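Chemist: Chains as they are written, first to last, in the numbering used here: chain Y, 188 to 521; chain F, 367 to 761; chain V, 551 to 840; chain B, 238 to 495.
Since the hints were made in silico from the structure, they are not lab data.
Across the chosen pairs, the derived CB separations fall in these ranges:
no.: 1; chain 1: V; residue 1: L625; chain 2: B; residue 2: H451; range: 47 to 53 Å
no.: 2; chain 1: F; residue 1: K668; chain 2: V; residue 2: F695; range: 46 to 52 Å
no.: 3; chain 1: Y; residue 1: V223; chain 2: V; residue 2: L834; range: 53 to 59 Å
no.: 4; chain 1: V; residue 1: A707; chain 2: Y; residue 2: L481; range: 46 to 52 Å
no.: 5; chain 1: V; residue 1: W711; chain 2: F; residue 2: K668; range: 55 to 61 Å
With a straight-line cut-off of 25 Å between C-alpha atoms, the simulated PhoX-like cross-links for lysine-lysine are:
no.: 6; chain 1: F; residue 1: K402; chain 2: F; residue 2: K702
no.: 7; chain 1: F; residue 1: K490; chain 2: Y; residue 2: K330
no.: 8; chain 1: Y; residue 1: K330; chain 2: F; residue 2: K576
no.: 9; chain 1: F; residue 1: K712; chain 2: F; residue 2: K437
Please read all numbers here as calculations on a predicted model, not as lab measurements.
Built from N, CA and C at the ideal position, the CB exists for glycine as well.
So you can see what is in the structure, the chains are spelled out below.
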Amino acid sequence: MIEVPLRTTRLLPHTLLGRIGLVVLAAAITVLPWLVPSYYAELVTSAMIAAMLALSMQLLVGATGLVSLGHGAFYGLAAYVVYLISPENVALPIWITLPVAMLVAGAAACVVGLFSLRTTGFFFLMVTLAFGQMIFFVFHDTKLGGGTDGAYLTKPLISAFGATLDLPRKQKYLGTYYVALVQLVAMYLGLAMLLQTLFGRALEGIRVNEHRMRAIGFDTFKIKLIAFTLAGALAGAAGHMWALHRGFVNPEIVGWHQSAEALLMILLGGLGSLHGPILGALALTGLGEVAQLLTERKLLVEGLVILAVVILLPRGLAGLGSRNTSNGAGDRHG
Amino acid sequence: MTTPIQRLNRRALIKAGAATVAASVIPTRWAIAQTKPLKVGLMLPYSGTFAQLGENITHGVEMVLAEKGGKLGGREVQFVKLDDESKPELGPQNAERLVKRDGVDVLIGTVHSGVQMGIHKVVKESGTLTLVPNAGNAAVTRDLCAKNVFRTSFTNWQPAYAMGLALGKKGVKKASWITWDYAAGTESAEGFKQGLEAGGGQFVSLLTLKFPETNFQPLLAQIQGLGVDAIGAFFSGGGAVQFVKDYAAAGIKVPLCGSGFLTEGTLGGQGAAADGIETALHYGDGLDTPKNNAFRAAFKAKANREADVFAVQGYDAAQLLAAGLEAVKGNIEDEKTLHAAMEKAKIDSPRGAITMSPQHNVVQDIYLRKVTNGQNKIVSTIAAQLADPGTGCKI
Amino acid sequence: MTLSSFLAQILNSLQYGLLLFLISSGLTLIFGVLGVINLAHGSLYMIGAYTAFVVARAVGSLWIALPVAMLGGILLGSLLERFLFRYFYKREHLDQVLLTFALILLFEEGRSLLVGNDFYSVPIPAALDFSIPIVEGFSYAAYRFVVIVCCLVLAAALFVWIERTKMGAIIRAAAERPEMVDALGIDPRRVHLTVFAVGTALALTAGALNAPLSSVYPNMGDNLLIISFVVVVIGGLGSVSGAFWSALLIGLIDTMGKAYAPKASGLAIYVLMAIVLLWRPNGLFGQRGT
Amino acid sequence: MGDPAATTPANALVLCTEGLSKSFGGLQATRDVSLSLHRNELHAVIGPNGAGKSTLVNLLAGEFTPSAGRILLEGRDITSLNVWQRTRAGVARSFQRTNIFLPLTVHENVRLAAQARTGTLASLLSRAANSRTLFEITDLAIERVGLTQSRLRPSGELSHGEQRQLEIAMTLATDPKVLLLDEPLAGMGQEEGERISALLKSLARDHAVLLIEHDMDFVFKVADVMTVLVEGAVLASGTPQSVRESAAVQAAYLGGHA
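From just these sequences and the hints, can you work out the full model?
Modeler: In structure tokens form, the structure reads like this:
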């Protein structure tokens, strides 16, 4: 038998240079807080949280070809879970809050998936949107989570294995920063590994041609449901991080605009790569900061940028340097 | 940088931002800080539905500075404006921009109560002196109160309580309250119920509608069946305009009254449908005092439109800030003296005299107003120096 | 609950349902025939309402504003299709979502630049500015009846167009099997342009018609957009008659919910949608899977 | 692939249908079709356009649920199984229109199909690169259809005929008992047709094969058994010789051809 070299999955960097680039990026983020004022470190923290949300969504969008507008709801739900399980003025350790938040978000995603994955295409989009709004209304219209104005929560303690990270008040942001970084890196590596498994290949097959996947014997509904649930749980990790960072929940973090923003990050970064959403999140956060300084018409700028990207840069920032066209959008119905 | 009021253009703002970065890298001594201009962050809506409110508040703040010759407590003032877009999910991020990036000494903001929650979270941790020029969510001066946060506007509870009280005293036996199902709505309902019961009336029911929907028909069709003598309402902005019009068109015999925002800044749209509606608020038309007349004239000269309650609230926020800074001679680091001075301050507001409650919410007269000829004419003072209960606050 | 107020609620349901129909019929046609998800459809409704406001303010008559909104809708729809959407039929769903999301932002910013951020009320024409008592203690504004009648007339015209004309037959076929358009010997671009223009015009007309009842304010279409999605999902993709019955059903459930169970009303329609999806994944009147 | 099990006879009954019917709205696309497929037998279904040949394949593959009737695989009722369950049970199909994963290489396409039968979640989570049995199955299927030379080429670069071969390789990789081949010759030249014809004969040795085909000369050359469908119903069934001689078929369909 002849050895067949296996290509790495489409979504991972194909060149050594690309891999080195990612390592350099991670290293730069690691040293950054020691070089800039705390405000900018906290800005990068929120960019990393956004990147986690976008990355979890890439499992659906880039890997499986499922565009969901309800994904942000699992993110917001997880933040609310932290609020709901934390007793007033008692900080729970992160090793309790994180798994619980992910579990609840994953369970909610599983239930929504059971309904919504029976549909495809536009139906799927609309149904996920409607279910997301359903979760939104639960927090917006009931007293469960503090109602329309939101509520404060006690930030979870950064602790694991019996040890607690107890930083002085002025340096607390560093703890949050590195917890976010560790989770982002772990999420990236975990997803990279997942996509190299047979499961990852099955997702790829579904993205390209789901009908054919069924015909060669794949239970595509089950596979999509697993991916949807997992993506929901990972969005939960991002939402948990938001709660840890902000100590505040508000119904708007559950709304569908969150999903649209995450999609925007994916598009900006590029559909065809796992690191695209991270680049997109960093770029969009930077853009938001600059636009806020330059103009009062921030939404106008945002709208024009999206329009320009959709029309001119269909493969995103990550697609700027590469010429690997075999994964382009045109052949998804092949 | 010679004009007293620094209406920064964009480019200057970027420079200011860069300066802040430098400033926070190189530690500065207090002596240097003392001679620097006082940085006042204005975090207000400058776009979206509440843009006009944000602008009127800003005018109010700037008027005080002009009156004081461009200095507060002996220090020049530099404004840093930030549009909060009335987006609650951006609240904490925007507040951090001012507090941490731009390093403001004082934050004045905002209108939207959801955004206020985000600001409050940030300034509670940073200890930045904060003045609330509008948002009326009770929590900020109740269970979440903070020693560095003062409110010169109202709580949703205050005008609604006064309205209930006025009805009760007038002999209304049964009344219901109708509002959106959101924090401000339920807080106003609570105030109305307590006021009505204090005046000897009976609270029948609370009718709610999802915020910010404006399809009032399903609720209006029920009112006749409630068997009440009066209906009180809390709506604002576009919702208020439409509610009053729909109420009139539905031909309901039960008289309508409400929290003052029902007819505040909305009479142009409501037209004849609003005639005769009684509302309660801490400000109104026809308040013939020298202070108010001077204020209105100055506002009109500056903004080229009539002053409103939001301008008054912004004006008073700056007056309270001035009182505090004068007590510490511009040394904003002396928090103890500063806060104590602000707590004790007696402000001569265009609306009448106001003071601060122990929870740092404004204590003020609430007027009964009646819509006459397109104006909210003040009829009488219902509740003199009314304070919010401030339940759950520990300062 | 009295019987008379219940009757009034039925009338309210009808009026709300018909309005939903005008908005969602355009959505369902555009989904069904062009395969484009238009998140900016709610903004089109907003543009219609503001058009009514601006025209009524300028010329003092809503009767001129209505046809202006309708023709403006046809024009706007044609331009959008010809210069933008046409290039997105073959693109990924994600691109369409983001394109129309960008349009929401641009439409709202345009509105903000041109008209400002204030809310405005649009006066009811003087001849109709009276109320008709329908039950004890509750009258119905005459203009609401006008809205009901206008919606019914538009619905009837739409049905005749879809059921009785050649273009309508092609549209029905295309909604069931999109590849059919190419096979029918008609320039598919003409079909696409027509459908998009009609859908847009319906949204603008709905906005203009309802402007005196709703007033105009920023982001006024957001909430209606999501409810219209639910209408389309329940009615079935591409089915105009499905959208009609499902809009009336949603109008009824929403109105009754608001009147008699306000806490549950926000969730009621989504629960209904979940049940329909379990029972019939393609909607109550759906012809095809997607 | 699929060594004939020692215990079953070489030409055992693999799949049969009983009174299979399907209607769409008012249109009856399949009427009361009963047929049986045996191992080591190439069973061709012919009929004019609109005779219901594709509907029949879709019914057997599980795309459509029959309005009436049953489908039995080795005596087991599989009527209620859906598409992927049928594939796992051993009924595999190729498509009339080429339906492969264009961005992937030949090897990757076939491996994906082989992967489906590993089934459990745990095995799905093993690294794709490590699965040796998977490679063996994949390479065998590719070799069988004669694409070994091209196995690392992106499938989008293959010629039309090669893509049809790949289509069949993917079907083989699912380890089927029954092959449903929907017009495998569609759009092929003479030479490519010859190659496929040889392949089909070889496949029929260890599978039950159902073939839908337009090309009459080809069908009469390769088929062991033929069924003629007209308006959804079986007009005649039997050896090519008996079908050719059937008066009904001649009258209704073949006309001057015989």
